[in-house]
Amino acid sequence: MNKIFLKLVMLPSGFWRSMGADTEQLEAILAIRLKMDDRKPLSFGRQQTRKKALNNVTLKTMFISCLMGVVYTMISFVNDIMFSLTIYFGYLLIWLSIMLITDFSNVLFDVRDKFILIPRPVNDKTIVLSKLLHVFIYLFRIVIPLVLPEMIFLGVYHGWKSVLLFPIAVLCLLFMTLFAINLCYLLLIKYAARKFKEIINYFQIGVSVIFFAAIYLRPRSFDAEASILQFKWIRFFPSYWIAVSWNFLGYKTELIGTQWLSILAIIVPLGCLLLMIKWLAPQFGRNINNLDISDTAEIKEGAVVTSTSTKKSLYHKLANLLNRNDTAKAGFNITWLQTSRSRSFKMRVYPFFAYVIVYFVFITTRNSKSTFSEAWHNLPNEPSFIILLYMCVIVILNAMNHLYISDQYKAAWVYFSSPVDTPGKVLSGAFKALWAKYLFPFFVLLSAFTLAVWGWHTILDIILALVNVTLFAVCMISVGARHFPFSTADQINQSGYRVIRAVLSMFLVFILGAGHYFLVKLDVMGLNIILKIIFLLLSSTFLWLVWNSYSNTSWAVIKKAEEQ
Amino acid sequence: MEPIITIRHLNKQYGTKTVLNDINLDIYPGQIIGYIGPNGAGKSTTVKILCGIIQDYTGDVTIAGKDLRGNELEIKKMIGYIPELAELYDLLTPEEYLGFIGKLYHLHDNVIEERSKRMLDSFGLLGNLNQRMDTFSKGMKQKVLLTSGLLNNPSIVILDEPLSGLDANAVIIVKELLQVLKQEGKTIFYCSHMMDVVEKVSDRIVLINNGQIIANGTIAELQQNGTDSLEQIFSKLTSSGNMIQRADDIASAINYTDQRN
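Those sequence lines, one after another, are chains U and A.
Take 1 as the starting number for the first sequence in the numbering used here and just add one per residue.
Take 1 as the starting number for the second sequence in the numbering used here and just add one per residue.
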């Protein structure tokens, strides 16, 4: 498969050469990167790789991508094909952007390049192009199953010509997203290298707001009769430029005089690429050295690295409060500190705080034909606070997803050489740190909002939600492979999978919260409070059982996870 | 004879911290330069500048008559670099990794294969040619790194702590290799903390401390008619206290117990 992709991306080698790349080196770099991607790094103590695990990940990723593709096809359906495709490509564009920023930044800035590629006679254009094409191959793999449902839909309703045009349109969109995001990256490296990662964090939050805007501004209630004329500003969006290329198949856009915009679908990615290669790439080598690519936050000259006494006492106090065992305290402390200082961790987790708010606003206004302010005034009449409280789980799930990953995963030898009797204690300490740091404060904040809007009678629901959310998080961390914190390597193969899994977990939260929601909504025979107390007791018991099993995880379980 | 490497008024800062402060150095072809200094003195920064890894410095660096700025690619073709840390793609086998490195220098497949196999054979690694390097020991990785640094038959070899992790036999091989390379007219820029080795192999020793060159000459010149070893000279010039006392302090720290417990 890799060989086919490699041949495909090297087809326009004359074009790459004309841009200043050394195609022999380019092919060698790409071949070696793809080869490495297929190999799973060995964690401490592991001696053999198993390809099966990766293949499963690939299959799962493809399956979930395909499911998401069905959802995108459904929610972007509008009778007007141009409008429908504009919405569809819009979703795709935002999804690709989030994935590029969240999970592929590390691929674009591989620390090892500094010692392996930069000292060799390889020009900067070749290095930049190799990174772009590497990420392109991975995005393309993920995008194929994602766009398949829409392609089938187009084939059934609009004929084979649409099916033929669609992959070209998707390729244009892919190039546009990849090149535009990289252009932003290179500009940031050129002008703000030392603040690069901090700016990227804000960038991610910004993208999540755009995500919200894109969803909020789409036709309400999946109105199939919605007209593109209501959204004339859409002509400024790249997704419209690509959709309007259906003009070549005889479809007419209602936005008169905008057919020519389809040319932009070709010109913009090409323009971005030229700008990158001709203008920004020649300084890549110089700028990448200014770039602070270390995973830890920048320390100012002369600054004391240890935290202030207040902060130190806070996490120490929490560690003592929440853990009885010294091993668990150690797990708590290391997780608390590492998550505070690891940029890649923060980059991947923090935007999800914003997503919770975004999804909440989206859900609470989803069926409303009214304005935003009317929806806000109607808020206390619906028990939508349940959704809000349960959505907190997204943040901790995402933090859990990234708890094991680190560039310095080999440092995990300390767990294996230390006299740790029950490794589950380290794991439980680590989980408590995530809970205390990412779930609880956010939950308290949202609970305060709930109490302010819905009143004190929601207090039992808040407690029940907290127990259920914790239960769900513990169940999720228990069923996954159990690793020590920051003990496994990051892999490009897993990149798309993690983002997709995070999105999927959102649907699981809906299912979890549904029981509670209907309990509040349908007051069965006036037994609402009693039922909630029973629910709370059952959840607490189950939580205790699952937690007990998790915190007593044995070495055998850890080693089994290491071997997978 | 014209120097092959000329460094003039080389400065490098990280933020407000000066790492290199007005470095001036001439290195002649066929010389082995021992570049030594305490941790954080600026050795690795100098090396990274010479290898084109760090490009934002002030001052002038000329290599083989060419200004390093603007001629990076040409100069990199002449250099073989062995970094301090075993930075390599360890998911690959030595054969795959060396094949990849060879391609970056546009070497023919046969040349890559022959050079790789012969060098690895000499290091006793031929049997591990198709084994993934993440299963290798530090010393084994270092041998692959040495092989990769010499694969392009460079005229200038820059080694940053090349003996790290190597067994005694491999250390002997590398020391002898340096002499052979020198006889072939190659220039060796050798950074290390292993003073006895530096003392034995180097034609000239450059001692750097706090970003400045504080000594530059042959071992005889540095001894200044005394009989001090390089280790003693190093300690005199760079140390700020009694080493034996410091060792005693560490030992007493280990024995500390809290009387309250």
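I should point out that these hints are in silico values taken from the structure, not numbers from a laboratory.
Hints are supplied without guarantee of correctness; some may be wrong.
Selected chain A positions facing chain U (in silico; Cβ < 7 Å) [what the hints assert, rightly or not]:
(1) M1
(2) E87
(3) F100
(4) V111
Cβ atoms here follow ideal geometry from the backbone N, Cα and C, with glycine treated the same way.
Comparing the hints with the structure gives:
1. M1: 26 Å, violated
2. E87: Since chain U brings a Cβ to about 4 Å from A:E87, closer than 7 Å, the hint holds.
3. F100: 5 Å, holds
4. V111: Since chain U brings no Cβ nearer than about 14 Å to A:V111, farther than 7 Å, the hint is violated.
Violation of the numbered hints given earlier is confined to hints 1 and 4; the remaining hints are satisfied by the structure.
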